[in-house]
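Please model the complete structure; the sequences and the hints are all you need to start from.
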Amino acid sequence: MDMKFYNLCRRSNGIIALFLFTFLGFTSFAQNSVTVSGIVYEGESNTTLPGVNVVEKGTTNGTVTNIDGKFSLSVAGSSSVLVISYIGFESKDLSVGQQTQFEIRMTNDDKALEEVVVVGYAQLKKTDLTGSVGSVSSKSITERNFTNALEAVQGNVAGVQISPSTGRIGDGFNITIRGNNSLNEDSNPLYVVDGVPLDNIDFLNPQDIARIDILKDASSTAIYGSRGSNGVVIVSTKNGATAKAGLNVSLDTYYGTKQVARLPKMMGGEKWWYYHQSAYLATTNLNDPMAITPELLASKVTGSANTLLQARADANETFDWYDLVLQDGMQQNTYLNFSGRGTGGLGYNVGLGVQNETGNVQNEALDKYSMKVGINHKINKHFSYGLNSTIAMTEDQFGSSVAMREAFRLNPFLSPYGEDGVTLYPQPGKLLDANGNYLINKTSTYNPLLEIANSSDKRRSFTGVGNIFLEYKPLEWLSFKTSFAPSIVNSRRGKSWGAETNTGISNRNLPSAQMENVQKLNYTWDNQFNITKTINNEHNFNFLGLQSIFSSQVEGSKLAARYLPFDTDFFNLGSGDQSTYSIGSYFNKQTLASFAGRLNYNFKGKYFVTISNRWDGSSLLSKENRWDFFPSAALAWNLTEESFLENIPAISFLKLRASYGFTGNNIIDPYSTTNVLDTQTYYDFMGTNANGWRASSLSNNALGWEKTRESNFGLDFGFLRDRISGSIDVYDRLSDDLLLQQDLPIESGYESISANIGSVSNKGVEIALTTRNIEKNKFSWQTTFTFTKNNNKIVSIYGQDQVDDVGNGWFIGESINSSYNYVFDGIWQADERDEAKSYGQLEGQAKVKDINNDGKITPNEDRIILGSADPKFTGSVFSTIKYGNVDFSFSLIGSEGVFVRSPFHANFTDTRDRGRQKLDIGWYVPENGAGVPAQFNNEYPQARNQGAYWRSNGVGYYRDASFMKVKNITLGYKLPEIAANKIGTKSVRIYGNVLNPFVFSPYDGYDPEWAAASFDVGRVSSITYQVGLNVKF
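Read left to right, the sequence shown gives residues 1 to 1033 (my numbering).
Quick list of in silico lysine-lysine cross-link-like pairs, DSSO-like style, CA-CA up to 30 Å: (1) K244 - K139; (2) K520 - K589; (3) K986 - K139; (4) K533 - K604; (5) K125 - K70; (6) K381 - K92; (7) K793 - K707; (8) K872 - K763; (9) K872 - K707; (10) K92 - K125; (11) K606 - K126; (12) K473 - K126; (13) K763 - K707; (14) K381 - K533; (15) K974 - K139; (16) K271 - K300; (17) K589 - K458; (18) K430 - K271; (19) K495 - K520; (20) K589 - K623; (21) K244 - K1032; (22) K763 - K793; (23) K92 - K57; (24) K606 - K533; (25) K495 - K589; (26) K126 - K381; (27) K473 - K533; (28) K982 - K139.
Just so you know, the hints here were simulated from the structure itself, not pulled from any lab data.
Shown next, in the form of structure tokens:
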């Protein structure tokens, strides 16, 4: 790291520290004729509330209650009104009159908390927002009972697409905000948990989360500068700020069973045997099926090496591989929470959680243990401090990556056992008798039961995240805050393959193993001051000044070995053959120094202006390009405050918003701007080989930030006393200077160099709508809808906007996730033999369209964009009905226009082989002399005669993966308060919940949500049935 840059970081912290303790002042005001005093309690308890704001209405004259909840304030006279306010409680207006002593009891206001939105380094009233922010409450996160916080948020916020990275438990979720912004890297946003920047939030227990705020437009994210271009997800965990008086205890627990559902329909025994016989029609007698006799076909299908297979086929003796490998999974969650506030004003919140889950494939499991501590203390009217800490340990068992794949590949006439019917056999499709003669010789697919029993993939992660802050408020309008937020992640992942696995058999029938250890250590130190002023009760100002230091350090080590003498998982790597050792280690560190300012202004709550700028300097870049700035501006107009809307009662709220700003993306690999000697090589040193090192890639001192500029126009509305409310946003985002590998002349000695030479556009519209359909004393019904349409396209690559990069699948004017190929046009039929021959093809092979009708198929002229994995639009519906003590809710999400190349279909509609299982499809069978029934299918080619376009180009493996999925259905009952009190509780709720009960999709593979996931980690769909209990003491 550059020493000048490092010293600047140190000096800036010193300047801020000095500023914090020297820029203090005190104000006074003339003593007025009436002095009022009082004490503030929490509800009907005897617990006093320190730090409550007491202000004379219409003035800046005010005070806060002391540690005992008492206050004293001089006001103008008996006509004065006191405004009593405190976060999490309903505000009160009290007329002074002739009263000078007050006893005030504050009432909790959960709705008020929902109306506050967390933005970068501050909170704002939702009505004061100028940017585009989506918020999800704790209730919304926990009520659907998902074990992953992101899945719980799925569908809640317009413009935010959340999807499983695979179907396997523990693999987490991907989140994209307003489309993909990068060509080479993912577009996952910045996560900020209690002020700590993180890569993901998979470690969090959803029950610990108080709220999630998702910053979408540049006006909202620009305060995070070079890390904000993909959006920002701010997670606020539960703390002591809003804890109620006394000791409050709650228990949430549920148990669920996860059943396999919607299995792909595969071939039954008779149909597979028909397919298997027909496969030999294309490989016998030079593809002349009419010349094949029944006797010749029988000799090829069975011969002397498949007598057992023939016998099983004759008896239709089949085996259910799916039942052997798949199982019912389990979910179990227990969460215990303690919260309260002492008489001294100390609020606390402690959460303890245990989550256990097993998958639908044997030997796949997840265990998570978490502890959350939040403390907030307002010492007096000047000082307050707080602490938030989350500790989590997660143990993932991913099991075998190939077991489910192999189970689906094995045909129905193969058994997992050997000739004795008891012993598991490594390759059921290569079965030998005691004398070494083949009983079955069809496929080398491995036995999934042996893979499950003899392989392991375990990851153990320890995550610690904390934030401690001290706030000093010398004046009513001025405050200083310093916070330190460290995080540490220790992760170990080990894989092992026993002697009887595929890997073991390939390595001298001996075990192999590998292990990787990774440690990530980050910290953020923020120093900020806030000025909040109101002038003439009309002009409202808030200014934030920020200085921040972020440091990240990653180190890791890897070790792999083969030919181990014992099956000891991955704990005895040193016993392997030393010639097979693979050892490596790595280290990188980066630092980011930042200064930021943001001004919020509004006039009478009618006209709003937000201006911000952030200056970031990163050690990732060279001195010349290290610093850059990221400005933004936003305007809003609350039309509801205008006189011309006063007499229109149907309109309860109407606000226009507009914003424009710049953000960045710091995805640059560490040390990309310096030549790193990382590759071992040898040199001729006076006739002797000398060991040396060289740089594997050429550095680029000119590298800069990826930058995104975005404009946003929004409308917030409420009609019929907010019975109908929502927002509409239209945005235009251009991400420029994207990092790509640029080819270099061979004379340079390097293949390529990283450069800022690409750009991507995202334009779209977002709609969020909430309707309170019925609001009666005992009956209510509320529904929320979201709709998102985003248009993603590549604007330029390699500094130009004319030539596509076909090799990487990048096409100017098209989506990043486009599919480019020939257009499948059916199967060449018998009466089309001559035409097929003119294209160099045969009857039964896959046909593709001659796009330009020139009588030949050429790559440049006849391949086109077929579709995109990006949906044309997404949407969701959430609905809650309450009647008395009964509640019913459901949620569904949808994604339309998703077009993917499906790895599932690449495996199970590939008709090249003869021995593996297939999807229950039709296929082309020509007329033949062997007595195999002909079928002139036009969807799937002849077995073993697919043609080049099916086999090499995979033109038949594309699928529409659009879907609509009901995510959950919940039915609950809350005991009457009298009944709950009789058993020593404050409230008791019991409920049943079903996750993913219905899916509507044309996709016939595992699950449309992960249709494009790697075949090895894709998993079958499931339905989870849960019963749960919520108790408050």
